[in-house]
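**Q** Could you slot chain Z onto chain L? The hints should help.
Each chain, letter by letter, is given below.
Protein chains: 2
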Amino acid sequence: MTKDRIYLFDTTLRDGQQTPGIDFSVEDKIAIAKMLDDFGIDYVEGGYPGANPTDTEFFASKRTQNASFVAFGMTKRAGISASNDPGLAGLIQASGDAVCLVAKSWDYHVKVALGCSNEENLDSISGSVQAVIEAGKEAMVDCEHFFDGYKNNRDYALACARTAYEAGARWIVLCDTNGGAQPSEIRETIAALIAEGIPGERLGIHAHNDTGQAVANSLAAVEAGVRQIQGTLNGIGERCGNANLVTLIPTLMLKPHFSDRFETGISLEKLAELTSLSHGFDELLNRSPAAQSPYVGASAFATKAGIHASALLKDPRTYEHVPPESVGNFRKVMVSDQGGKSNFINALKRRGIEVGKSDPKLDKLIAIVKEREATGYAYEGADASFELLAHRTLGRVPEFFSVTSFRVMVERRFNAMGQITTVSEAVVKLVVDGQEMMSVAEGHGPVNALDIALRKDLGVYQSEIADLELVDYKVRILNGGTEAITRVLIESADSDGGRWWTVGVSDNIIDASFQALMDSVVFKLMKNRDLAGRIAAE
Amino acid sequence: MTKDRIYLFDTTLRDGQQTPGIDFSVEDKIAIAKMLDDFGIDYVEGGYPGANPTDTEFFASKRTQNASFVAFGMTKRAGISASNDPGLAGLIQASGDAVCLVAKSWDYHVKVALGCSNEENLDSISGSVQAVIEAGKEAMVDCEHFFDGYKNNRDYALACARTAYEAGARWIVLCDTNGGAQPSEIRETIAALIAEGIPGERLGIHAHNDTGQAVANSLAAVEAGVRQIQGTLNGIGERCGNANLVTLIPTLMLKPHFSDRFETGISLEKLAELTSLSHGFDELLNRSPAAQSPYVGASAFATKAGIHASALLKDPRTYEHVPPESVGNFRKVMVSDQGGKSNFINALKRRGIEVGKSDPKLDKLIAIVKEREATGYAYEGADASFELLAHRTLGRVPEFFSVTSFRVMVERRFNAMGQITTVSEAVVKLVVDGQEMMSVAEGHGPVNALDIALRKDLGVYQSEIADLELVDYKVRILNGGTEAITRVLIESADSDGGRWWTVGVSDNIIDASFQALMDSVVFKLMKNRDLAGRIAAE
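Protein chains in written order, with full-length UniProt numbering: chain L, 1 to 538; chain Z, 1 to 538.
Chain L extracted, bound-state conformation:
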């Protein structure tokens, strides 16, 4: 059976740019266009040349190899011909294979926003589409507010779509601009449009996530007959975002409900790079990937529960809706006080630590982890501390150095110039190889001072930790009041690309930080000796 082709249209660089807090530079746009192009997306919409200097510069040359490179802009203004509209001329002249023209399809907006007649708007659509085609480019029309327009004036919304179709637009894209349409409404509207003679293979869907259903609306549209989906990487976009292509693509490719009938331009090999595409994009945005993202999140294939975990290990397929490796993600069975014995054995095995099910040391380790988690430790978020604890309980951590004492001081006072100033200073005394060392340092705060002092002179180990870097620091107060228990999580990195989290818990934030800092340094020394760090290096 031949399958219907679904075309994927990415608007990360145009609608995604409307996300509060996101502003792409030309370099960002070039990098993102390359990621999309390499992955196998059919259309990459680059922005609105002429609307701002960034987009104009970005369209100075074609930025994709395989994907169609699309310029976005408005249809010609009413009352002038297409050839006399400088905005439209700029769009057509910009580098690119296709032009996506946004057109009003709700008569209320034609009146209020454009201030022209319904008939003039239809003329603008047909005239603009023809001008794009005459220039040898592919024309698409984004019908803005299509679903709301259809509810308010069915005939006019239909007329807009029909005008674009008859003028020769390759795609008529139905936009749920305000994002409030429900899947059933989408389905019924598209069925009506197809019944009116506009074929589904010329229709596209552009959904927003204002009711949390941008993905469902896009898939409902595909079921109803459309063959192009517009969306963005990780679902960025105005307000609540656009349809998330990172979620849509694996559903189309891996769920038999869709993959039995449809195909995309993406190969299964490329699909296995989905997680790194998604995380790479977050990296570029300088934000942490969302752990709960469908398919690609760190938690997407993680199991905490004891009752599920043991069955999961017997036969993962019956507890996973798709194989994690198909999207480049992996299975995680987490260490947590809800987990059973098999969780632990599996967790240790992945770290290269073999231990028998009836080994009393295993029971001891489980008891220690449960006891510590009850007092506030969270080993599922502090892999390196868990690994060290396992090694310690099984008796295999060398005593590299020991800290005899530390002292941290924070002083706020007026300085000699009469200004208020706060100074933090830390002193650490430690013994390395029988030799006592003492270091002092100032820092931006007490933890920073302590970190610098601790790593200032580790004697024979000093050169080994030169590339150790502290990259993140999190504090959580576990119950109310300033007398509360404090949990500190620290993320460290080194020049091998390794990253690891350590944890400390105490009623004293400095003490908690110190525990996490110590674990990080010891873990690094273990890792240097290949005694630890299999997971951190993954």
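Please keep in mind that the hints were generated in silico from the structure rather than gathered at the bench.
One copy or any two copies: either way a pair holds, since identical chains are not told apart in the list.
Cross-link-like lysine to aspartate or glutamate pairs, in silico, DMTMM-like; alpha carbons within 25 Å at most: (1) Lys474 x Glu373; (2) Lys111 x Asp123; (3) Lys151 x Glu263; (4) Lys474 x Glu411; (5) Lys341 x Asp359; (6) Lys474 x Glu27; (7) Lys151 x Asp315; (8) Lys370 x Glu325; (9) Lys456 x Glu436; (10) Lys255 x Glu185; (11) Lys474 x Asp28; (12) Lys474 x Glu283; (13) Lys349 x Asp315; (14) Lys370 x Asp23; (15) Lys137 x Asp37; (16) Lys332 x Asp23; (17) Lys370 x Glu27; (18) Lys474 x Asp282.
**A** For chain Z alone, coordinates are given in the frame of chain L:
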């Protein structure tokens, strides 16, 4: 026309607890149950009494006033009678109005996970349901893996649902345990079930977000006939999370497609508290609310400068799928700060501070707040600090006392008995009424020591702050590394029942804590003189 009632079942405290990184204490559970109960949720599932000490303690008494309080657990084991199963007996004896029994409905899992026959599993379902009903409680059955089971062995999945129904279960809840089902599959399966004679008003849906469609799957199930929806606050839950009730509720209540046919137990007045419910829950989890969340996110009604913004200002309704105030959110147009100014005037008015629209001091206050929020202050969560800042900018805060300097020391060392011990000590010098005072105190950590020293001797004001109590303390690191900016929020209370939050921001956590502590004390002195605190007393 009478509307069908949709029942809302919250499983934040049970399935939500499966979220990696989330572990509720008994106090957390009590606070969350109260939030859900107050909001008007029909069923609050509290956890699994008997499975762990937290849940057992939580079920020591009934934790809701209006909502049905539900205990979750397994059906009886095969081969013994319901009355001889201690697990089931514990469930039934736990405080609560209803018991939700999880039952396998995929024959493969019956064999692999339970190791019993298909017939024995059906016996466990009917026997357990009957035992719950005989104890005078409402019985529900969660059919685990229902949709996958139905695909693999349709007859057996149906037999499980039918057994629960015929045994008298009030609700048979269809679980998409692995989260991979598509809305069309959900719709067809439920239609078949109803055609087989199990009425929709006895059916519920429990969806997971593994393909980003938990909300859409729940709504598709309602369209197909089910009348109970299970979900969680902010969509927390195992792997990619559960159906997000915060997204589902406004869609059911505000979208005519649903609200014309259905009603919930939540009033429109309560719906206007949805944003604060969602943000309050995130606060409890000590995480920032997601800006792009449907309905309640900070960006959900935000428009960035561009083609939409000017049209939006002409007529907001045509660019907003629902009115933002209906869910307690508000419109943000980022091109104009006019809205900002009237927001400020209203915020000040609520605190009894009158200021004219053209008063230059108002512009100064707005500038200071914007500048400070850009560096990390969050006045939204620190009402008292905002009020003090407003009074200071408008020149009306008496100088009660001034702090000349402070010094905090944390020392970890071996004590005389050879044990490791950590000591925190703080010294504060301050001037009250021209008189210099100096206090020293030890505490559980540096902030606790500083707090005690600061409030140890305030001279003439000392008796006034005797009832001041610090009830909560939160720390958030605003960017990575130990050199990062730290934001501290402190909640204080006094014997009048007043509660207020203050904020401090610095690259030094001690300094940030000191700012928040100072604001708290000054606010208390203002409040005692009726110069501040209208909101705190509310």
